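Those sequence lines, one after another, are chains Y and S. First residue of the first sequence: 5, per this note's numbering; consecutive thereafter. First residue of the second sequence: 55, per this note's numbering; consecutive thereafter.
Treat the hints with care, since some could be wrong.
[Stated by the list, open to error] Cβ-Cβ distance ranges computed for the label pairs, FRET-style:
#1 A65(Y) / L224(S): 46 to 54 Å
#2 P297(Y) / R287(S): 48 to 56 Å
#3 T150(Y) / M354(S): 25 to 33 Å
#4 A65(Y) / S352(S): 35 to 43 Å
#5 P109(Y) / L233(S): 39 to 47 Å
#6 F58(S) / P109(Y): 20 to 28 Å
#7 P126(Y) / D265(S): 27 to 35 Å
#8 D190(Y) / M294(S): 34 to 42 Å
#9 A187(S) / P297(Y): 38 to 46 Å
#10 P287(Y) / S276(S): 21 to 29 Å
#11 R122(Y) / V188(S): 51 to 59 Å
#12 D183(S) / P297(Y): 46 to 54 Å
#13 S256(S) / A65(Y): 14 to 22 Å
[What the hints assert, rightly or not] Which stretches of chain S does chain Y cover? Using the computed rule of at least three CB atoms under 8 Å from a CB of chain Y, they are:
#14 262-269
#15 279-289
#16 356-367
[To be verified] If you want a taste of the chain Y side facing chain S, the calculated C-beta under 10 Å gives, among others:
#17 L59
#18 G60
#19 G93
#20 M98
#21 M104
#22 Q111
#23 R112
#24 Q116
#25 A123
#26 P156
#27 E158
#28 C175
#29 Q176
What the hints contain is simulated information worked out from the structure, not anything from laboratory work. Just so you know, these numbers come straight off a predicted model, no measurement behind them. Think of the CB as a built atom: it goes at the ideal place given N, C-alpha and C, for glycine as much as any other residue.
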Amino acid sequence: MAALLQVTDLEVAFRTHDGPLRAVDGVSFAVDAGQIVAVVGESGSGKSVMAMTLLGLTRGANASFGGTAQFGDVELVGATEDELRAVRGAQIAMIFQNPMTALNPVQRIGRQIVEQIRAHEPVSRAAARARTVELLDRVGIPQAATRVDAFPHELSGGMRQRAMIALALSCQPRLLIADEPTTALDVTIQAQILAEIEELRRETGVGVVFITHDLGIVSQIADQVLVMYGGRVVESAPVDAMFDDPQHPYTWGLLGSAPTAERARRSRLPAIGGSPPSLLRPPAGCHFAPRCPHSFDPCGQTPALRDRLADRPGHLDRCWLEPGQKRRLREVDGQIGLAAAERAG
Amino acid sequence: MTRFIIQRTAQMVVVLFCISIFTFLIFQVIPNGNPALRLAGQAATPQTIAAIERQWGFDKPIYVQYLDTMQKILTGSVISYSQQINVLDQIKRGLPATISLAGGAAVIWLLFGMALGTLSALRAGRFSDRVLAVLSLVGISMPSFVVATVALYLLAYKVHVFPLSGYVSLAQDPWQWFLHLVLPWFSLSIIYVGFYSRVLRSNMLDTLAEDYVRTATAKGLSRRRVIVGHVLRASLIPLMSLWGLDFAGVIGGGAILVEVVFNLNGVGQYAAESIQTLDVPPILVIVMYGAFLVVVLSAMIDVLYVVLDPRVRLTA
Numbered sequence: 005m006a007a008l009l010q011v012t013d014l015e016v017a018f019r020t021h022d023g024p025l026r027a028v029d030g031v032s033f034a035v036d037a038g039q040i041v042a043v044v045g046e047s048g049s050g051k052s053v054m055a056m057t058l059l060g061l062t063r064g065a066n067a068s069f070g071g072t073a074q075f076g077d078v079e080l081v082g083a084t085e086d087e088l089r090a091v092r093g094a095q096i097a098m099i100f101q102n103p104m105t106a107l108n109p110v111q112r113i114g115r116q117i118v119e120q121i122r123a124h125e126p127v128s129r130a131a132a133r134a135r136t137v138e139l140l141d142r143v144g145i146p147q148a149a150t151r152v153d154a155f156p157h158e159l160s161g162g163m164r165q166r167a168m169i170a171l172a173l174s175c176q177p178r179l180l181i182a183d184e185p186t187t188a189l190d191v192t193i194q195a196q197i198l199a200e201i202e203e204l205r206r207e208t209g210v211g212v213v214f215i216t217h218d219l220g221i222v223s224q225i226a227d228q229v230l231v232m233y234g235g236r237v238v239e240s241a242p243v244d245a246m247f248d249d250p251q252h253p254y255t256w257g258l259l260g261s262a263p264t265a266e267r268a269r270r271s272r273l274p275a276i277g278g279s280p281p282s283l284l285r286p287p288a289g290c291h292f293a294p295r296c297p298h299s300f301d302p303c304g305q306t307p308a309l310r311d312r313l314a315d316r317p318g319h320l321d322r323c324w325l326e327p328g329q330k331r332r333l334r335e336v337d338g339q340i341g342l343a344a345a346e347r348a349g
Numbered sequence: 055m056t057r058f059i060i061q062r063t064a065q066m067v068v069v070l071f072c073i074s075i076f077t078f079l080i081f082q083v084i085p086n087g088n089p090a091l092r093l094a095g096q097a098a099t100p101q102t103i104a105a106i107e108r109q110w111g112f113d114k115p116i117y118v119q120y121l122d123t124m125q126k127i128l129t130g131s132v133i134s135y136s137q138q139i140n141v142l143d144q145i146k147r148g149l150p151a152t153i154s155l156a157g158g159a160a161v162i163w164l165l166f167g168m169a170l171g172t173l174s175a176l177r178a179g180r181f182s183d184r185v186l187a188v189l190s191l192v193g194i195s196m197p198s199f200v201v202a203t204v205a206l207y208l209l210a211y212k213v214h215v216f217p218l219s220g221y222v223s224l225a226q227d228p229w230q231w232f233l234h235l236v237l238p239w240f241s242l243s244i245i246y247v248g249f250y251s252r253v254l255r256s257n258m259l260d261t262l263a264e265d266y267v268r269t270a271t272a273k274g275l276s277r278r279r280v281i282v283g284h285v286l287r288a289s290l291i292p293l294m295s296l297w298g299l300d301f302a303g304v305i306g307g308g309a310i311l312v313e314v315v316f317n318l319n320g321v322g323q324y325a326a327e328s329i330q331t332l333d334v335p336p337i338l339v340i341v342m343y344g345a346f347l348v349v350v351l352s353a354m355i356d357v358l359y360v361v362l363d364p365r366v367r368l369t370a
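Model the full assembly from the supplied sequences, consistent with the hints where possible.
This is the structure in structure tokens:
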């Protein structure tokens, strides 16, 4: 069975005053129906640009693209605006990070949802409105029949994000792209929203690309994980393998700097030293090498993203180290982590 | 709402008070300001002048003169020095021309400003945007009397497309009313068109970067619907307050130069003539009437804001 979405060698570059900026540098992955693929990475790793590119939202005079993103019959990267318009909202829907600013502040939320339904389906205003009330009710907005006429500022952040989700679901999309949908929300609301997305996946079989930097969320809902660094995928694996046997030092660093119950008593969370690479002048070879305490000669060449574990063909990474070496190196204080980098000079 | 009206009314009283005092005092301190000298004529004896001063009350202390004048203005019985006719009647006579001029021009500059501003924003950075930027700067820097004079010369004197000058009332002959106003409308509008299109362009560029505009695109709306329904709507809100205040300024006698060049006999022209003869009562009344319009229209804009932007609450 062909995947719902097959992204192959996706590249996005922006022309800037300081030269070309390679925001996404050869990203490949697939999403099946009913599957949740999490994309993790620091700010500036290219996750959001990658996601928005799938819907053609990064197009502009200064942007250039490469690779393909096959979604059913449509190749999204090269699609015309008209083709994209038919896909946007109807087949691929997007939930944005900040529900405070992602809804139009001067329009009632019902109207904003009705607008999307009527842009894609020949239904009457009344029918679209009735469906909107149903949707709002379904995503857990109390008194949906009256809230449909609320302005965004009259709702709390959690309610607004639910309205955003209702908007995303209104045309029964086959793929949902969620760009840090819970980052701006309280933890309790976060859990409810996640449960909502889980349930949707179960009920409707929607495929989900879930962008986040919260590993707790990843372990909770993802099937497959993609770790991005400096515009590239550095590791790609099923969620259990990613947490049990991570192969890339950057992933170790991410896991090592995530707060856990045992670690809560320690005074300080370990952080990955240094800062993410400039995408204007990325380091030659492995992008992570300058921050990696385990870097050695071969790291001046870019390692391919491929499977390096004989027993797990679905576990891909971009690191020159041998799997046996990796298992030794990633042990820090009895847990997975990244050793502190030696101070230069 | 009641609170809002009360506060705005109080504000208006303060504004009118300050403006009237200021205007009144200016004409007390400028050289050759004594109106009795002009009322008496060229070969007047000191006795005649003294008699006139007594008759008009110019010999009284300034604050008494001010209070007398204000009382006459508020009761509608104030008369001008030069022609000695009722000032309010004169203004009423000029109002139809001024309202016709201001109303038509305001519609023209809003429509053209919107069209050019939108075009500029959507083509930002490209050739057509740069051409429009230069054109609007030219429009902003050209004084309306220059535009008016050139237009008059070319389109009314050289080629007889439009009548030379004067005002024909709408009730009398709608077509002539229109013909007589076309040149004044455009002469007055050009500067505002330039200004409004620049303001709208920058508003729209700001709005285009908003998250909710990206959401609108991600919903699968056509570019046109995104622009008209989400970008333009939000960008026009701040433009409305400019528009209201500029309209108030023009209708309050601010289009002096255009009214004079086209001899429209409106309120602005009356103000110009009164200034030439240092005729304080009409100047005072016109200034106060202009200020009154500005305050009232800005209150109306605040109410309109509540309708346009649901996040706004009325506060004075």
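Would the stated hint for Q176(Y) survive a check requiring a Cβ distance to chain S of less than 10 Å? violated, 13 Å
Status of the given 48 to 56 Å range, CB of R287(S) versus CB of P297(Y): holds, 54 Å
Using C-beta distances, would you say chain Y covers the segment 356-367 of chain S, given that this needs three or more residues below 8 Å? Since three or more residues must qualify, the claim that chain Y covers the segment 356-367 of chain S holds, with 4 doing so at under 8 Å.
At the C-beta level, are S256(S) and A65(Y) separated by a distance inside 14 to 22 Å? With a Cβ separation near 19 Å, S256(S) and A65(Y) satisfy 14 to 22 Å, so the hint holds.
Should the interface hint for Q116(Y) be scored as holding, given a Cβ-Cβ cut-off of 10 Å against chain S? Status holds, d = 8 Å.
Are there three or more residues in the segment 279-289 of chain S whose C-beta lies within less than 8 Å of some C-beta in chain Y? holds (count 5)
Checking hints one by one. Is M98(Y) an interface residue toward chain S, by the C-beta closer than 10 Å rule? Hint holds; M98(Y) Cβ to chain S Cβ min 5 Å, cut 10 Å.
Outcome for the supplied range 25 to 33 Å, where the beta carbon pair is T150(Y) and M354(S): holds, 31 Å
46 to 54 Å as the expected CB spacing between L224(S) and A65(Y), which holds or is violated: Holds, at about 49 Å.
Is the distance from the Cβ of P109(Y) to the Cβ of L233(S) consistent with 39 to 47 Å? holds, 45 Å
Restraint check, 10 Å cut-off on beta carbons, for A123(Y) near chain S: holds, 5 Å
Given the hint of 34 to 42 Å, is the C-beta distance from D190(Y) to M294(S) inside that range or not? holds, 37 Å
The structure does not agree with the numbered hints 9, 10, 11 and 29 stated previously, though it agrees with the rest.
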